[in-house]
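Given chain P, put chain S in place with the hints provided.
There are 2 protein chains.
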Amino acid sequence: MNVIQSLKYLTPMVNPNYKIDEWKIIEEGFLPEDNRASESLFSIGNGKLGQRANFEEQYSGDSLQGSYVAGVYYPDKTRVGWWKNGYPEYFAKVLNAANWIGIYITINDRELDLAGCRVLSFRRELDMKEGLLTRSFVAELAGGEQVEVVSRRFLSLVRTHTGAIHYSLRVLNFDGEIGISPYLDLDVRNEDANYNEKFWIEAWQEAKEGEACITGKTKKLDFHVCTGMKYVLLKNGVPVSENPKVISELKFVGNECNCVVGRGDKVELYKYAVNLSTLDHPVETLVEKVHLHLEEAFDTGFEGLLAEHRKAWQAKWDESDIVIEGDPVAQQAIRFNIFQLNQTYTGEDERLNIGPKGFTGEKYGGSTYWDTEAFALPFYLSTAPPRIARNLILYRYKQLGKAIENATKLGFRDGAALYPMVTMNGEECHNEWEITFEEIHRNGAIAFAILNYIRHTGDEAYLAEAGLEVLVAISRFWAQRVNISPRLKKYVMLGVTGPNEYENNVNNNWYTNTMAAWTLEYTMESLGKVKRESPTDFERIVKKSALDEEAELKHWKDIVKNMYYPVSEEHGVFLQQDGFLDKDPMTVGELDPVQRPLNQHWSWDRILRSRFIKQADVLQGLYFLEHRYDRDTIRRNYEFYEQWTVHESSLSPCIHSILASAIGDIDKAYELYLRTARLDLDDYNREVDEGLHITSMAGTWLAIVEGFGGMRIRDGMIHFNPMIPSRWKSYSFKVRFRDNLMNIHVRQDRIEISNLSPADLQVTVYGKVYPVEKGKKVQIDNSK
Amino acid sequence: MNVIQSLKYLTPMVNPNYKIDEWKIIEEGFLPEDNRASESLFSIGNGKLGQRANFEEQYSGDSLQGSYVAGVYYPDKTRVGWWKNGYPEYFAKVLNAANWIGIYITINDRELDLAGCRVLSFRRELDMKEGLLTRSFVAELAGGEQVEVVSRRFLSLVRTHTGAIHYSLRVLNFDGEIGISPYLDLDVRNEDANYNEKFWIEAWQEAKEGEACITGKTKKLDFHVCTGMKYVLLKNGVPVSENPKVISELKFVGNECNCVVGRGDKVELYKYAVNLSTLDHPVETLVEKVHLHLEEAFDTGFEGLLAEHRKAWQAKWDESDIVIEGDPVAQQAIRFNIFQLNQTYTGEDERLNIGPKGFTGEKYGGSTYWDTEAFALPFYLSTAPPRIARNLILYRYKQLGKAIENATKLGFRDGAALYPMVTMNGEECHNEWEITFEEIHRNGAIAFAILNYIRHTGDEAYLAEAGLEVLVAISRFWAQRVNISPRLKKYVMLGVTGPNEYENNVNNNWYTNTMAAWTLEYTMESLGKVKRESPTDFERIVKKSALDEEAELKHWKDIVKNMYYPVSEEHGVFLQQDGFLDKDPMTVGELDPVQRPLNQHWSWDRILRSRFIKQADVLQGLYFLEHRYDRDTIRRNYEFYEQWTVHESSLSPCIHSILASAIGDIDKAYELYLRTARLDLDDYNREVDEGLHITSMAGTWLAIVEGFGGMRIRDGMIHFNPMIPSRWKSYSFKVRFRDNLMNIHVRQDRIEISNLSPADLQVTVYGKVYPVEKGKKVQIDNSK
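Same order as they appear, the protein sequences are chains P and S. For the first sequence, my numbering assigns the number 125 to the initial residue and increments by one for each residue that follows. For the second sequence, my numbering assigns the number 125 to the initial residue and increments by one for each residue that follows.
Keep in mind that the hints were calculated from the coordinates and are not lab data. Predicted model, so just to flag it, every value in this text is computed and none were measured. Be aware that one or more of the hints could be misleading.
Identical chains share a label here; the pair holds if one copy fits it or two copies do between them.
[Stated by the list, open to error] Below, computed lysine-lysine pairings styled on BS3-like, alpha-carbon distance capped at 30 angstroms: (1) Lys343 <-> Lys390; (2) Lys678 <-> Lys344; (3) Lys341 <-> Lys526; (4) Lys322 <-> Lys413; (5) Lys390 <-> Lys653; (6) Lys487 <-> Lys208; (7) Lys343 <-> Lys201; (8) Lys533 <-> Lys208; (9) Lys413 <-> Lys148; (10) Lys667 <-> Lys533; (11) Lys858 <-> Lys892; (12) Lys143 <-> Lys435; (13) Lys533 <-> Lys487; (14) Lys440 <-> Lys253; (15) Lys148 <-> Lys522; (16) Lys900 <-> Lys487; (17) Lys900 <-> Lys653; (18) Lys322 <-> Lys208; (19) Lys435 <-> Lys901.
The following block holds chain P by itself, in its conformation from the complex (with noise of 0.2 angstroms):
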């Protein structure tokens, strides 16, 4: 492909309807056609609630409305023509829950409804560097009465059961009546339901003035969630002090005010809300501590806690910024991506994990994918403390009963483990076999994980503690799922969907295979090293996992030595899969760019059997495990894939910028760049309405760290091999490692690196090894 044809298809326009500013995401002017988008990308959240950028008001406009709690999700029954064996029984989806920032309005008795108002200014605001979501907008009633709506919100990252909203309105042109009513709202539904059935029954509820609250229990799972708000209104900065009316209706818990106002009044509701679920706390002190908990919101009060808040996310920053210099597009990007990384996973809580939506939009809304381990993990390691990182792979280790049996109801047996491809709590439970059913790949970057964790921290006790378990079981499931073809003499895997989601049930993904076998060699290595190193322990993990030493070590051996990869001669590749050179060959070049994305405008068919990738696939692999394949096999290899890559995934164009880098093709890594940090700010793949790509935000950082800045984990080593971008001044970020804490700044004439910890440290630089004292810097040239 040339560079023409490529740039016409990487760099869309910078999405008009947001500015460009460094800390801010900024909506200026009324799009209800985009609503649901904004509401994806002006998302909050803090690890425990998620909420979308839904109005306060009733809104009868087009809008997905979201609010989330982590952990509490709902078994939907699976939508499948005839359902076969090995098919999951159930779908997990994350869980509308209750509203809890809804405030119906009315002035003189007219519902304020953005979309039935003319309105007159409009502009949403997402400070990052506070994680406050403000709005405010003027509008002008039917009977043109004119108010002037500034709310702000945010969820506290301090009190992570904690939401808090500034509700102000100020009356322009009129004397009459306001009516502001917070409420609770639990009649809520997911609209990905699958037979369009409501989750929730409502448990208990109780409303009074200035309070309510209201439990809610799902329909399967019996988890409750309770909801509690507490609220002042204020006329002119003076509580009001006339009764409300009390509100309790079905699922539906409020107060109701009403304001007497006139030209120039302003009205203020400060509203506090605290969710509280099941899975941390016994149902039976769910209200008292909700009660608790919104005393003492109310008590510190918004502005109090939106400072404590504030100071949260100034220390976030400090471990996770990344500084660009002279590219305020860029710098808007990576911001945007490392916040919404920090609004979904604080990694406190080792339940939890990462969906691919995080908590913005309901579909793979919370399920755990591969997208942990093969994209999340790494930017926890480096800008967390390690134990987000082992709570990230002990999840695994805990659920590793579970891949057992999810690999011997597809016919595996002897403690093999499969993996889930979606999961809430181990057990398959994805919705969509023509994709995901076979996408056992996932086992392999489950065990990849392991070793990136351990090499990363040095935390080389884990193998013995729990990895090696989990790396016995995947082998055994590899060890199974090859077979001996008698055609090659090799050992095949056939019927398998690799990374690779245009493509299905293929053989010999190269991906899969590659991955199987170093599994196998790691599980081996790691064998030799406990039992030399741990032997008690080694007995203990022979025991438990019943392993035959000799018997299965020798058909790993066997298969490892024999395993058949498909490659062309010709081009010098790694073939994707089997029949992957019979496709045809038309490029992304030569494609008619209204045609995308693919999955838009052709058919399953035709996608199926075109040769356009939807994500890296063998690069995948040549990422993972790079320290094996010389650059020109790498070059040559991403020369080849990039041609028929649409990037129609997420997690695809981060993986092609790293490997851009690591070739030394900076201005396609930077492309690359820009696609997968604003993938969502730009929608390229027109879905951002369903949601942000949380996981893949983690690539964007990866692009920036392990493709410009070439950082490498080798032999016990960090190493960096900066490059930077043309049109940049510099770029910085900071990265642990093991004891040390560094900041690399990459400036285009030389790279410093400050050793942040207490410890000496040592790192290489472009193959040279410098020595840093703790406190000190180092300074490395890079003008030649």
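Below, chain S alone, put in the same frame as chain P:
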């Protein structure tokens, strides 16, 4: 596979639930756990109406209620996790319509419900010669009351809207009161409704003494079906004069009658029902017509109706019976198959077609599959007047526009047609992405049926009239569906599912590639023929199809010349698909029988990557195009694939049986014949509870006529090459061929061919031509 292993899995016990009888299916003893299976097996039908063998009186045990009206269907919403471009919008299903058989019985105010009685005797008998279902039982109620019931019913083959029931009840040991309430119930549902909806709305109803009528309207498509009933009640042969109570509830109409009875009394109900739909009558005349037909039925009376029905069946049998001497098990089976075929499709209504389960169950019910062309057509070609088979192929001609639309939805263009795999009206409406979506091979069978029809009937004009347009459109599809493999420099066809549905999305399915190239050849040959013989028609067709004769034919020729066919030199066989030889070579003989059927014991993952074949695939191609291959080639392929074929499709064993005959393996052919003929009676695949395998029953007929009888049409001549299983004394069948009707009687030592037609006949037997004068017979010695 050795013979012992083969027998082990191919010869199950004859089902002990049913007695062997040459003309009847008989169930003795009450078997509630197998009731659904018996309800399927004892189904009655007349081409317009179908009725499972549900009980007339209420039954609280396990049952699948089924009353079907041909051509009346519902476009149910498909059930798919995430819909993709090209997936069908709806899944059409045969509708369970108003229950017209219902007679609610009470005895001393207690329900007569066999699930709540002591059943002292029970017998169900389907007389295939007469088309009559009889059920008799003696039941003892909780109060000790014993009654003997005999119910007889049929769906008239003469008045295809009419059903009649004679329900007779004898009081054995008590004095008391009997309640008898004949009714019509429209409050029915389809058990396989995807979203558990009911599909009927009541449009109108009327109930009076002795008569009731109800009209249902489907929630979508506005089909109206009016069901009426009229009855007479007798006590000891004398009409009961007491006035019944009229029942009229939502979706339910009937009469409630009561009879004071004493020991030995006999109470009899004659119930007549008529079903008419808007398929045949304008909605405003429905009720009037139903009344008219009811009056006629009532006046003719049960025995009168039965007499004319019996006569009509006799005529059917005269044309289509196969007589087997010396093997009642085989005789019963073939009659059961022929009986069900004649019950399902009479060919009188050109809008109807043949559903894989006919009107005996819901799954696949009523929709048209490739089964029609591949299996059912030859049966009707040989056993019915030519217009019947013509109606079957015209059905596809009439749907050509929809087939072009179907292809367009998948991204094809310029008049390419993809006929649907499942349809009611020409639109694709399958419900199973993972099997059906890529089964484009149906296009081949539909093209082949044109040849089959013409060569059998001699109706050469059909090409110009209709066939050629279909062939051109299908050829265009194949020409667009292949691509040139840059690796092989040949045309390949990627991402298809062949007839073997235990593989999915494979490359170069030999059957599909072969039938595609064959279609192109036949189309070009046919274009040439029509151009030569009917130049005006040719011009019209070229214009209508916008055929670019030069360019398109050049491309088609190139495809025919350069199509890729996977083969194994080593095994001397055609390969089912590119990856077949990479699969684990475990054979059926090595499979533990408790794992059969695989689809009920193995995960879909395991099935897909195994070598096990659900149904004939390469062999299906060899069957269609047998004349192209020598006997050794057929033998090698047959022996190769039979090793892995589990015959879990009903459409499989018949083809294998025919090929076993073709290569002279009569013992194997006989085994496979029994398997296909008794598939439902002996419930090989454990699914007869869902309904019967109607279309495969035509395959059973083929296994005798084309298999044992060796019938072939070649070069305008009819050929026979008869063999006879060793345990048979003789078998005979009739065949229509062009202007002739003949009877072929095969004995162990000689063959007798009788010319039953008013024209002379030439027939080839064992390669030698025999003239047979009208009304004469010829005997051929076979005693060597």
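A quick look at each hint next to the structure:
no.	hint	in the structure
1	Lys343 <-> Lys390	neither (43 angstroms within a copy, 54 angstroms between copies)
2	Lys678 <-> Lys344	neither (46 angstroms within a copy, 63 angstroms between copies)
3	Lys341 <-> Lys526	within (25 angstroms within a copy, 49 angstroms between copies)
4	Lys322 <-> Lys413	within (27 angstroms within a copy, 46 angstroms between copies)
5	Lys390 <-> Lys653	neither (70 angstroms within a copy, 89 angstroms between copies)
6	Lys487 <-> Lys208	both (23 angstroms within a copy, 15 angstroms between copies)
7	Lys343 <-> Lys201	both (12 angstroms within a copy, 25 angstroms between copies)
8	Lys533 <-> Lys208	both (11 angstroms within a copy, 27 angstroms between copies)
9	Lys413 <-> Lys148	neither (35 angstroms within a copy, 74 angstroms between copies)
10	Lys667 <-> Lys533	within (24 angstroms within a copy, 57 angstroms between copies)
11	Lys858 <-> Lys892	within (20 angstroms within a copy, 92 angstroms between copies)
12	Lys143 <-> Lys435	within (26 angstroms within a copy, 85 angstroms between copies)
13	Lys533 <-> Lys487	both (26 angstroms within a copy, 26 angstroms between copies)
14	Lys440 <-> Lys253	within (9 angstroms within a copy, 85 angstroms between copies)
15	Lys148 <-> Lys522	neither (39 angstroms within a copy, 61 angstroms between copies)
16	Lys900 <-> Lys487	neither (47 angstroms within a copy, 75 angstroms between copies)
17	Lys900 <-> Lys653	neither (36 angstroms within a copy, 91 angstroms between copies)
18	Lys322 <-> Lys208	both (27 angstroms within a copy, 25 angstroms between copies)
19	Lys435 <-> Lys901	within (27 angstroms within a copy, 105 angstroms between copies)
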